[in-house]
Amino acid sequence: MNSVKFILNKKIISVDLSQGPYGPTTTVLEYLRSQPHLKGVKEGCAEGDCGACTLVLGDLQSNGEVRYRNFDSCLVFLPMLHGKELITVEGIGDSSCLHPVQKAMVDTDGSQCGYCTPGFIMSMYYLYNKKEKASRDEIKDCLTGNLCRCTGYRSIMDAAEQSCGQEKRDNNNFSSQSKKLLDSLGVTDLAIETNKQSYYQPRTLDSALSIMSLNPHARIVNGATDLGLAVTKQKALLESLVDISCVNELKEINIREEGVEYGAGINLEDLRLHCADYFPALQAMLNVFGSRQIRYLGTLGGNIASASPIGDMPPVLMAYEAIYTLVSELGERKVTSREFVTGYRQTVMKENELIKSVFIPFPKNNHHLKSYKISKRKDLDISTVSAGFQLKLKEGLVEDIALIYGGMAAQTKRADNAEAHLRNKAWTRTNVEEAMSLLSKDFTPISDARSGEEGRRLMARNLLLKFWNETQYD
Amino acid sequence: MTSSKNVAHESAKLHVTGEAIYIDDMHVNDQLLIGRVFYSKEAHAEICSYDLKEALAVNGVHAILTHEDIPGENQMGPVVHDELVMAIDEVSFIGQAVFIIAAETEAQAIEAERKIKIEYKPLDAILSIEDAMSKGHTVQPTRYIKRGDVEKGFAQSEFILEGSLKVGGQEQWYLETQVALAVPGEERDILCYSSTQNPSETQALIAEVLGLSKMEVEVQIRRMGGAFGGKETQGNHVAIWASLLAQKTKRPVKIRLFRDDDQKMTGKRHRYLNEFKVGYNGDGSIKALQTTLNADAGSATDLSMAVLERAMMHAENAYYIPHIDITGNAWYTNLPSNTAFRGFGGPQGMASIEQIVDIIARKLNKDAAEIRKANFYGIEDRNTTPYDQVVEHNRLPHIYQELLESSDYKARRASINDYNAKNEFFKKGMAFTPVKFGISFTTSFLNQAGALVNIYKDGTVLVNHGGTEMGQGLHTKMRQIAAIELGIDVSKVKVNATNTSKVPNTSATAASAGTDLNGMAVKDAADKLKLRIAEVVCGIFNDKYSGEPSVNSNLIFLNNEIKDSANPERAISFQEAVLKSYLGQVSLGATGFYKTPDIWFDRENGTGHPYYYFSFGMAVTEVLLDVLTGHYMNLRTDILHDVGSSVNERLDIGQVEGGYIQGVGWCTTEELKWDAKGNLLNHSPDTYKIPNIQDVPDDFRTNLLKNHPNGVPSIHRSKAVAEPPLMLGFACWLAIKDAISAVGEHKYEPVFELPATNEVILKAIDSVQDAAKLSI
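Heads up: the sequence lines are chains A and B, in that order. Sequence positions in the first sequence follow our numbering and run 1 to 474. Sequence positions in the second sequence follow our numbering and run 1 to 776.
Hints are computed from structural coordinates only; laboratory data are not their basis. Cβ atoms here follow ideal geometry from the backbone N, Cα and C, with glycine treated the same way. One should not assume that every hint holds.
The following residues of chain B were derived to be distant from chain A, with all beta-carbon distances above 10 Å [as the list claims (entries may be wrong)]:
(1) A8
(2) K115
(3) E151
(4) F159
(5) E176
(6) R259
(7) E380
(8) S415
(9) I556
(10) L651
(11) K677
(12) I690
Simulated pairs of lysine-lysine, DSSO-like, Cα-Cα distance not exceeding 30 Å [unchecked claim]:
(13) K250/B - K103/A
(14) K235/A - K115/B
(15) K41/B - K235/A
(16) K233/A - K117/B
(17) K53/B - K235/A
(18) K235/A - K121/B
(19) K441/A - K773/B
(20) K103/A - K706/B
(21) K773/B - K425/A
(22) K233/A - K264/B
(23) K673/B - K413/A
(24) K530/B - K196/A
(25) K544/B - K233/A
(26) K233/A - K677/B
(27) K677/B - K196/A
(28) K673/B - K441/A
(29) K494/B - K235/A
(30) K250/B - K235/A
(31) K5/B - K196/A
(32) K422/B - K425/A
(33) K103/A - K494/B
(34) K5/B - K233/A
(35) K117/B - K235/A
(36) K233/A - K595/B
With beta-carbon atoms standing in for the labels, derived distance ranges [unchecked claim]:
(37) T460/B - N171/A: 45 to 51 Å
(38) K235/A - G136/B: 40 to 46 Å
(39) A57/B - E351/A: 34 to 40 Å
(40) L56/B - K130/A: 52 to 58 Å
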């Protein structure tokens with residue numbers, strides 16, 4: 001099947017991607033901006049950092065419900081809409097008949113230049129249609145991914161509270177029509193081949209693995225929050241892609257006695273909501289991971305496999321001693337999170353292998369786990385320095401400790417000297433301060449756009465002290 | 001109900017529905033070509049050779065132009081002609097245009113760009129102010145503003161303090177990147193839709209570069225997606241490039257800069273290195289200040305001298321300093337030429353005096369707010385600026401007292417001290433900072449504006465004026481002013497897209513003066529029209545009614561009616577009066593004009609009356625600082641700002657809040673860094689961090705000063721708003737410093753910079769801790 005079928009503002013759309021002008025890596029934003037009457041959506045940065053291109057996407061769940069999320073349309077390739085519902089600002093109201101979020105935004109003066117406004121409106125529209133009314137924190141979190149340079153946000157916050165923060169919202173039957181339309185789409189696997197590109201979107205794990213073995217150089221894509229940048233920023237041509245975002249086996253969550261097995265395809269927002277009760281240090285990291293638009297796209301497996309030295313998931317997963325299950329046509333194998341990364345964006349994964357799932361064991365009672373992230377801006381920023389710390393205490397002594405840092409080396413790296421100094425010693429401030437001074441032996445950080453070397457060294461030291469301080473209250 | 005003071009932004013409904021049309025959204029026929037700029041990847045180099053053959057052969061490419069293809073002048077400097085449209089044989093910054101490409105699709109243009117071959121021979125590049133200062137290359141001769149005798153002042157002072165402050169630049173980060181669409185017309189005509197704050201200048205430069213007369217070039221802008229000074233001159237560049245390509249290809253050409261290219265290629269707020277020596281007494285009063293402001297101008301003049309001038313005129317901010325000696329230099333570097341950004345030098349000038357006051361307070365172990373109060377300009381005396389202008393209608397003492405009380409400053413200070421005594425790893429800080437900002441272009445002749453108001457036969461009114469809409473709500477205010485003056489509903493008035501063919505020779509919408517200047521011009525046009533209509537109406541009344549005849553001066557335009565105040569039964573609807581005027585062969589279109597009275601400045605001597613009036617405002621910010629991460633939370637901010645009698649309180653509140661947050665961004669997370677070759681490292685929002693919704697104060701209380709109309713006869717006695725509130729952001733900067741200082745119980749001076757990134761914060765904390773250890 002060469003054509004992508006989706007619902008756009010309650011109408012069924014079919015776009016043939018095999019013969020131009022659109023191709024398999026045309027972004028949703030590009031597609032809409034090329035249409036004469038869908039230019040409300042704006043490009044602010046083409047990298048998912050500003051939210052001017054925010055839209056709402058609906059997915060038919062296995063329980064028959066449609067689930068909506070806000071997302072950055074600059075990063076998403078057109079085939080990812082296959083079988084889904086897309087809502088743009090043109091689909092929710094017009095100047096003669098405003099939607100309640102639009103009316104609230106007018107009433108509170110939430111727009112000045114107006115360029116970011118449709119993006120804010122779409123994030124608010126998503127919030128408005130959720131079952132529960134939005135709390136202040138929920139509103140802030142949901143709008144973190146939308147930048148405004150004019151207003152100072154207070155008026156936008158008020159607009160969201162006046163519309164989405166109310167118990168009484170007129171959003172019943174919001175998705176009933178969509179359900180029928182989505183059901184009627186009857187989508188199947190996509191296999192798009194043009195003279196320059198191929199794009200496969202299988203719906204089962206077996207099918208994904210066999211496509212991968214037939215196309216050994218194909219890039220794996222799920223949410224495209226990383227790979228999308230190759231297209232939008234470097235203007236690269238991605239020749240062969242296997243899109244695993246429709247493989248449901250990769251989205252399973254199994255709670256076991258010893259821990260939780262998370263499918264690698266689970267998106268980071270779903271993970272954030274789920275892990276709250278089990279893995280607070282993981283949730284703390286996810287709370288400052290990108291924006292909601294990004295977390296809805298990005299996946300657990302994607303963040304691990306990209307093996308970036310500033311990835312947010314690896315330090316905390318290593319602190320939890322997570323175990324990754326890798327799968328290929330040849331079978332499955334398990335690798336511990338602490339052995340997974342071998343160098344700058346290098347891992348133990350072989351060609352044709354996927355991360356299938358991530359098992360996170362429940363920490364024991366004497367285990368103390370924390371995660372930290374320091375970034376120039378608290379929210380929606382990439383780590384300057386991040387950390388996942390695990391302390392095993394036995395009768396006041398350090399039985400074992402893992403101090404895992406991101407942003408301090410070419411890969412996520414443990415502080416071997418500092419750890420060695422602390423093992424079998426009392427967990428005291430004096431000992432910790434001695435270990436802090438050993439971090440300079442463990443790391444030779446770089447200076448870059450985010451911080452100088454000295455700043456990074458200070459951050460790494462301070463985080464260890466912060467960890468000591470916070471374990472006093474555990 | 002005629003025209004409310006508090007109408008929503010005229011485009012609000014269009015913004016929220018996505019119906020507002022920006023240049024990139026305009027429908028163009030299928031002849032449209034996409035323009036792209038091939039720019040220098042070297043900070044300073046000789047161009048040895050280039051080859052365009054392969055690039056020209058790319059399918060869909062219609063033109064690749066070099067400097068040799070420019071029919072007119074290869075110059076686009078706005079004030080001084082020292083900025084090339086395209087490089088000739090040397091490049092002087094990374095991001096400088098060398099070639100421009102037009103192709104049918106963006107992909108084709110990119111392919112062509114990649115196939116252009118060019119060889120450079122790198123030359124020495126100047127990439128820092130310090131380096132520029134050591135090489136001694138200034139843009140123009142040093143500027144001075146002096147009053148009194150600083151040496152005498154130092155001699156009379158109990159204490160002397162010397163230091164310096166590095167003040168960072170700032171990227172405007174308008175959401176809509178630079179964009180222009182040029183459409184060729186008949187003969188040699190060019191119509192350019194340009195996201196520009198200065199259409200007349202864009203028009204003039206297009207004409208000069210294309211070798212056309214100005215009558216052949218029309219520039220139009222309906223709205224910009226933000227500008228903040230970044231489109232005062234920088235919008236000209238893409239407009240010129242697009243127009244050149246349109247002229248050459250005879251097809252419409254659009255250039256919209258990609259975000260990263262925009263950040264790399266265009267000028268920003270100037271970074272400054274300020275050096276100072278100050279004399280003060282034990283009561284905190286500042287007796288003498290000697291300061292040198294050093295600006296990084298970048299590779300060309302652009303607006304650097306005007307920015308420097310304003311920085312110098314704001315180096316004392318709200319404080320009377322008897323002996324003062326201000327020196328200003330703008331230095332060339334091999335970076336994109338720095339330019340206007342909200343505040344226009346004011347912020348950079350004020351930063352060091354605010355830092356000085358903060359240091360003095362710590363040295364004297366006093367509350368910084370008290371030191372500020374002790375030094376404010378006086379009402380009756382101590383009220384002359386270093387450039388000899390009297391600070392009239394001084395609102396500083398009033399605002400200070402009112403905000404001190406409404407913010408509960410003293411009680412909160414006590415509770416902060418209490419909190420800090422109990423917490424090691426978290427500290428609270430608070431600061432109370434003032435802004436005094438001069439309103440008018442310091443280049444006096446720019447203080448003029450024009451308008452063209454047309455009344456149609458159905459009684460509706462179309463207003464054209466020289467100002468541009470960038471989100472600030474200027475069109476909304478112009479609509480209100482026209483409606484108030486003509487006595488009709490705002491719904492009967494529309495403001496047209498700004499177009500050089502309607503109002504000629506306008507000044508940039510800048511210096512916060514858009515409403516002041518254009519509002520008066522609109523009023524002038526409306527007054528002329530009223531006079532003409534009034535004559536017709538008097539004729540009608542005098543035909544219809546016997547008794548004392550109606551006279552013009554008694555007619556009142558109100559509530560969509562025209563009435564004779566001496567004979568209230570004599571009334572006619574505005575619409576009918578308009579129709580009768582038309583039938584009576586009376587012109588219903590009028591131009592209006594305004595020039596700001598009584599302003600002048602003598603640059604040689606650094607004295608004059610450059611400002612029509614001053615705007616004032618103050619802010620109190622309280623932060624909670626995580627001592628170990630350098631992250632902070634803005635717990636509460638109280639602002640009291642003076643806008644005179646507001647034309648529109650809703651819009652003005654939005655300007656004040658937005659200005660404050662933009663100032664906070666400049667003071668905290670917005671950092672610009674370059675590598676050793678002159679490449680900007682923070683060239684996208686990935687690494688350039690403007691505030692987001694999480695950075696807004698939890699408790700944000702913004703108020704406009706009530707019952708204080710402007711002391712001079714400005715439009716409806718209002719005051720400008722746009723720029724001054726940006727500098728309220730110092731309250732957050734110094735609150736963070738106060739929290740850092742609390743780590744050493746306020747005994748040691750933190751090493752501080754602007755912006756205070758968490759790296760700067762952590763280093764400052766480290767320095768305070770080191771000082772504390774040494775003193776044990």
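Hints, verified against the model:
1. With a minimum CB-CB distance of about 6 Å to chain A, A8/B fails to clear the 10 Å threshold, and the non-interface call is violated.
2. Consistency note on K115/B: stated as away from chain A, and its beta-carbon is indeed over 10 Å from all of that chain's, at 14 Å minimum.
3. No Cβ of chain A approaches the Cβ of E151/B within 10 Å, the least distance being about 39 Å, so the stated non-interface status holds.
4. Every CB of chain A is more than 10 Å from the CB of F159/B (nearest about 32 Å), matching its label as outside the interface.
5. With a closest Cβ-Cβ approach of about 5 Å to chain A, E176/B is found to fall inside the 10 Å limit, against its non-interface label.
6. Chain A draws R259/B into its interface by the beta-carbon criterion, the shortest separation being 5 Å against a cut-off of 10 Å.
7. The claim that E380/B lies off the interface holds: its Cβ sits roughly 36 Å from the closest Cβ of chain A, which is beyond the 10 Å cut-off.
8. Under the 10 Å C-beta cut-off, the non-interface status given to S415/B relative to chain A holds; the minimum distance is some 23 Å.
9. Residue-level check passed: I556/B sits 32 Å from the nearest beta carbon of chain A, beyond 10 Å.
10. Its closest Cβ contact with chain A, about 7 Å, brings L651/B to no more than 10 Å, contrary to its assignment away from the interface.
11. No Cβ of chain A approaches the Cβ of K677/B within 10 Å, the least distance being about 14 Å, so the stated non-interface status holds.
12. For I690/B, the requirement that its beta carbon stay farther than 10 Å from each beta carbon of chain A is not met, with the minimum near 6 Å.
13. Distance restraint check for K250/B and K103/A: the Cα-Cα separation of roughly 44 Å exceeds the 30 Å cut-off, and the hinted pair is therefore not satisfied.
14. Straight-line distance between C-alpha atoms of K235/A and K115/B comes to about 14 Å, which keeps the hinted pair within the 30 Å bound.
15. Of the supplied pair hints, the one linking K41/B and K235/A holds, its CA atoms being roughly 18 Å apart against a limit of 30 Å.
16. Distance restraint check for K233/A and K117/B: the Cα-Cα separation of roughly 21 Å lies within the 30 Å cut-off, and the hinted pair is therefore satisfied.
17. Annotation: proposed proximity of K53/B to K235/A holds, straight-line Cα distance about 22 Å (limit 30 Å).
18. Of the supplied pair hints, the one linking K235/A and K121/B holds, its CA atoms being roughly 28 Å apart against a limit of 30 Å.
19. In summary, the hint linking K441/A to K773/B is supported, as the alpha carbons are separated by about 24 Å, within the 30 Å threshold.
20. Only pairs whose Cα atoms come within 30 Å are accepted, and K103/A paired with K706/B is accepted, the gap being roughly 29 Å.
21. For the proposed pair K773/B and K425/A, the alpha carbon gap of about 26 Å is at most 30 Å, so the pair holds.
22. For the suggested pair K233/A and K264/B, the alpha carbons sit about 14 Å apart, so the restraint of at most 30 Å is met.
23. Distance restraint check for K673/B and K413/A: the Cα-Cα separation of roughly 27 Å lies within the 30 Å cut-off, and the hinted pair is therefore satisfied.
24. About 68 Å separates the Cα atoms of K530/B and K196/A, which puts this hinted pair outside 30 Å; it is violated.
25. Taking the CA atoms of K544/B and K233/A, the gap is about 73 Å. The hint is violated against a cut of 30 Å.
26. Restraint check: the Cα-Cα separation between K233/A and K677/B comes to about 22 Å, which is no more than 30 Å; the hinted pair holds.
27. A C-alpha spacing of about 37 Å is found between K677/B and K196/A, which places the hinted pair above 30 Å, so the restraint is violated.
28. With a CA separation close to 27 Å, the supplied pair K673/B and K441/A stays within the 30 Å bound.
29. In summary, the hint linking K494/B to K235/A is not supported, as the alpha carbons are separated by about 42 Å, beyond the 30 Å threshold.
30. A threshold of 30 Å between alpha carbons decides the hint, and for K250/B with K235/A the separation of about 28 Å falls inside it, so the pair holds.
31. Simply put, K5/B and K196/A have alpha-carbon atoms about 59 Å apart, too far for the 30 Å limit, and the pair is violated.
32. About 29 Å separates the Cα atoms of K422/B and K425/A, which keeps this hinted pair within 30 Å; it holds.
33. Annotation: proposed proximity of K103/A to K494/B holds, straight-line Cα distance about 22 Å (limit 30 Å).
34. At most 30 Å may separate the alpha-carbon atoms for a hinted pair to count; K5/B and K233/A exceed this at roughly 45 Å.
35. Of the pairs offered as hints, the one joining K117/B and K235/A holds, with about 19 Å between alpha carbons and a cut-off of 30 Å not exceeded.
36. Between K233/A and K595/B the CA atoms are separated by roughly 47 Å; this puts the pair beyond 30 Å, and the hint is violated.
37. Checked against the given bound of 45 to 51 Å, the beta carbons of T460/B and N171/A, roughly 39 Å apart, lie outside it.
38. For the hinted restraint 40 to 46 Å between K235/A and G136/B, the CB-CB distance of approximately 42 Å keeps it satisfied.
39. Between A57/B and E351/A the beta carbon distance is about 37 Å. The supplied range of 34 to 40 Å therefore holds.
40. Checked against the hint of 52 to 58 Å, the C-beta distance between L56/B and K130/A comes to roughly 54 Å, which is consistent with it.
In terms of the numbered hints stated before, the structure departs from hints 1, 5, 6, 10, 12, 13, 24, 25, 27, 29, 31, 34, 36 and 37, listed from lowest to highest.
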